[in-house]
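Peer 1: For reference, the chains in residue letters:
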Amino acid sequence: MLNRLLALAGKEFIQIRRDKRTLAMMIVLPLLWLVLFGYAFSFDVKEVKVVVIDNSGSPTGALVAKAFREYDRSRVVTLADSSEAGIRAAMYRGDVQMGIIIPPGYAETESSPPMKVILDGSDLFAAQTGTRMIQKALEPVQDEVKAQMQAKAKADLAGRIAEQFQKVKGALLAQVPAPVMAQLGGKLAALQPPADALAFTPPAVPQLVPQVETLYNPDLKSANVMIPGLLGLVVMFMAILMTVLGIVREREHGTLEQLVVTPITPFELMLGKLIPPFVIAAMDFALVYLLGIDLFNLTFAGNFPLFVGLSMLLLFTTLGLGLLLSTVAQNQQQAMQLAMFTIFPQILVSGLIFPLISLPKWVQYIAYLLPFTHYVPIARGMFIKGQGLDQLLVPSLVLAFYAVAALVLASVRFRKRLA
Amino acid sequence: MNAAIRFINVSRSYGAVQAVSGVDLEVNPGEMIGLVGPDGSGKTTLARLAAGVLAPSAGRVEPESRGRVGYLTGRGSLYVELTVWENIRFFGRIYGMSRAKAAAEGQRLLEWIGLWPFKNRLSGQLSGGMRQKLALACAIVHRPPVLILDEPTTAVDPVARADFWDLLHGQAKEGRAVMVTTPYMDEAEHCDRVGLLHRGRLLAIDRAPSLIERLPWRMALLTPAPGAGPGPGRMAVIKVAGELRGQRWIQPKGAGVRVALEPGASMTPPVGYELTPVSASLEDAYVWLSGAAEEVRAG
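Protein chains in written order, with my numbering: chain Z, 1116 to 1534; chain R, 3 to 301.
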């Protein structure tokens, strides 16, 4: 039994080694996807084209304007027409994604008008980044703004005290006879207290800007969220394609008939046919894992052996699916099409790219029927958050069920198809 | 003598299509049987039933064939991405031989068919004749008592074809029961017994001379009489042959036309022609038998 199994699996590897197209697919495709999902599938906007118009004439306004201009994700654009209409026109042309107008008298009094921000909603991700950056850009200057406002409040108070003092002093001095006045003159001047001696602390400006802490993925990098799911995608794609092509090619060439004549049992044949896809999928998993971690500076937070084990469930499910498809496909072209048809819906609705919640209800129900949908939370949870089996029990059980069901169903149908 | 393979009233259908119906057939050890018939006559289905690739819809094929037949088809039974040497060792091991035994037996067979010098060539790069020799070697690497060949020489040139048939005869002499299907009548005549297949039925199975003897017709060749002048054209000869009294079928051959004549028909040629008796062939017997079968079908 082992001899036959080894002979069959060995033959498969020779065939794969001699087939340049398959070899290329095994190595190039995971790399291509790694780059695509790591870099291109990035919704992070590095820079937003910003116009800042400061009409305030106040030091606070100037400080805020400077903060926006100097924020490292702003790409400052200057417009000939620095009015709100000018911003709207520039946004219409696509020259500007975000406009900031600081109104006259900004932050001078409680009733001064607020700052106005205009965003280009047609540029979805830039607009979202713009919203987030308002807060971020103001963070470094907020202490300065606060100090400025407090200093101003203090100066105002000192001025008012001096004014009041002068008034009281004048009224008092008017009643004093001239000879006494001459004596008092010098002493009185020394009576006015300096503002500093008042021990006055201006009211604290409340911390309006919250301190935001993003857990698990502080820089909100999409690679962190994409690469774990990509591991499953690569495993699925390779396993299903290698399985179905390996069997259908033999059927097409007539060699499957030859094997059926030999004493090899359907179980041995199935096993021998599944070992190479298993090994290749595992190799590609390792390739994407190691390169992904290296290229995108990821760290795996969870229990790695458990992650490998749960990924294996997805692999077994997919091997079963591949075996099932191989009993249906007549030739390699059909096999290819069926494999694509099985994989692509899973990519789209699994939550890997688009959040599941954002899909229509009925699509969500379909999504939950697909194995990959249950792998994405496992991969992300373990990779980024370091979740364990307690948190991932449900998707793990679903995947385990699928793995057993797919393999049993496939082996039954595979035997029937051979007989 | 115990038959090496026996069909007992075997039928097989694919959905609504009846590919083989009611076939009884025995192949004895050391005997080579040829099954002949046009495309769609059920040859391949019979071969697959004999090899155990297909199960009969009705009837029985005895004994259980798994592991004790060598099976080879003209459609390709080899892995084209593997070398000659890899192919034969693979089949040896799949049949349960150890690595060493498969290698030893493989080398012996490759030397026997003369492919040892080409052992490192990819089998996809072999000529049709060489490829089928290798396929034969792979099919008998485990020394099976039965050898089933389905149109093995379809893509093989005539010289290599004769070579291949010599190898097959050798197999029968070694005591194997050999069953081979072919669309070529002249190839079938090499076999110990020939089975004629028509629309999934085995019309007759016998030694080729016996089958030919059954033909009630007399075969003759109609040719223009030699003489001065250009003589009648080809179309004219065919037309004259078609108008011969008692003619059952005609077949243009060279400058003349082969004619099958009813037993009582006159052998006197029309003016300007010659009618020479010729010996009947297996093909003639097949035409007669299948025609008779059609008449039975038509009722």
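Just so you know, the hints here were simulated from the structure itself, not pulled from any lab data.
A virtual CB, placed ideally from N, CA and C, is assigned to each residue, including glycine.
Hints are not guaranteed to be accurate.
Unchecked claim - Computed beta-carbon distance windows for the label pairs:
(1) 160/R x 1135/Z: 30 to 40 angstroms
(2) 41/R x 1528/Z: 29 to 39 angstroms
(3) 1477/Z x 127/R: 29 to 39 angstroms
Stated by the list, open to error - Partner residues aside, some chain R positions facing chain Z, computed with beta carbon under 7 angstroms:
(4) 73
(5) 75
(6) 95
(7) 253
Peer 1: Going through the earlier hints one by one, which of them does the structure break, listed in rising order?
Peer 2: Numbers 3 and 7, in rising order.
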